[in-house]
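Given the sequences, and given the hints that come with them, work out the whole structure.
Chains S and Z supply the protein sequences, listed in that same order.
Per this note's numbering, the first sequence runs over residues 1 to 113.
Per this note's numbering, the second sequence runs over residues 1 to 116.
Honestly, the hints are just simulated from the structure, not real lab data.
Computed from a predicted structure; not experimentally measured.
The beta carbon of each residue, even a glycine, is placed where N, CA and C say it ideally should be.
A hint or two may mislead.
Straight-line C-alpha distance at most 30 Å; calculated DSBU-like pairs for lysine-lysine [stated by the list, open to error]:
id	chain 1	residue 1	chain 2	residue 2
1	Z	Lys57	S	Lys71
2	Z	Lys17	S	Lys71
3	S	Lys17	S	Lys100
Covered stretches of chain Z, going by a simulated chain S footprint (3 or more residues, C-beta under 8 Å) [claimed, not checked]:
id	stretch
4	42-53
5	108-115
Pair by pair, the computed Cβ-Cβ distance ranges are [as the list claims (entries may be wrong)]:
id	chain 1	residue 1	chain 2	residue 2	range
6	S	Asp39	Z	Leu96	20 to 30 Å
7	Z	Leu96	S	Arg61	26 to 36 Å
8	Z	Asn10	S	Gln3	31 to 41 Å
9	S	Thr40	Z	Val12	38 to 48 Å
10	S	Phe52	Z	Leu116	44 to 54 Å
11	Z	Pro8	S	Gln72	32 to 42 Å
12	S	Thr51	Z	Arg64	30 to 40 Å
13	Z	Val12	S	Asp69	17 to 27 Å
14	S	Arg112	Z	Arg22	19 to 29 Å
15	S	Leu82	Z	Gly40	15 to 25 Å
16	Z	Asp63	S	Asn18	27 to 37 Å
17	Z	Glu85	S	Arg112	26 to 36 Å
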Amino acid sequence: KNQVEQSPQSLIILEGKNCTLQCNYTVSPFSNLRWYKQDTGRGPVSLTIMTFSENTKSNGRYTATLDADTKQSSLHITASQLSDSASYICVVSGRSSASKIIFGSGTRLSIRP
Amino acid sequence: GAGVSQSPSNKVTEKGKDVELRCDPISGHTALYWYRQSLGQGLEFLIYFQGNSAPDKSGLPSDRFSAERTGGSVSTLTIQRTQQEDSAVYLCASSLMSGGAGNEQFFGPGTRLTVL
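Right, dumping it as structure tokens:
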């Protein structure tokens, strides 16, 4: 069964600190993996996309990694800011026409001043 | 350019009434998705339209839920005989295509449905 699991469920860190969010998936055959950020009361917005051949990709203070062999991805946030408080959702797409886009349940990140 | 829009932004209804939620996707996007999100929970897939293909309705929770996409553009999600457990935010998203790197979903602001 295609699944996407994220950890931790929630995380609280102090402003300025770094953190890493994890995503494990079983979707196969794999096409791509996206990290979305969802601010409270808003729809999710894509931060980055990882394809099979990519190991790491940065978008400002966000760095995503992908290990296609172990089917794991991480999102690292550097020098966190209050505006980083949001839910971060890992979304994996399969390559076959029958594959769906599978959403993880998200990690709720809170940045404290 | 215009993003995905949804209306109404908020809807309060009485148990047993029917409601219609509207989604205007980004022009030219072939794929359209509906999701439901309860408070503090993740996104729950409801239904997916891709071009002229038959929609994937596998996520609809009951036969009270239905959706249409007219002319490959605007979509309407209908909930008949609403129940209190239908209360949630209903999110619509569209993407340029359904697979590959072009499948970034652009989400609307959602419709918050409250069933009293």
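ask   = Does the structure break any of the earlier hints, and which numbers would those be?
value = Of the numbered hints, 2, 3, 9, 13, 14 and 16 do not hold.
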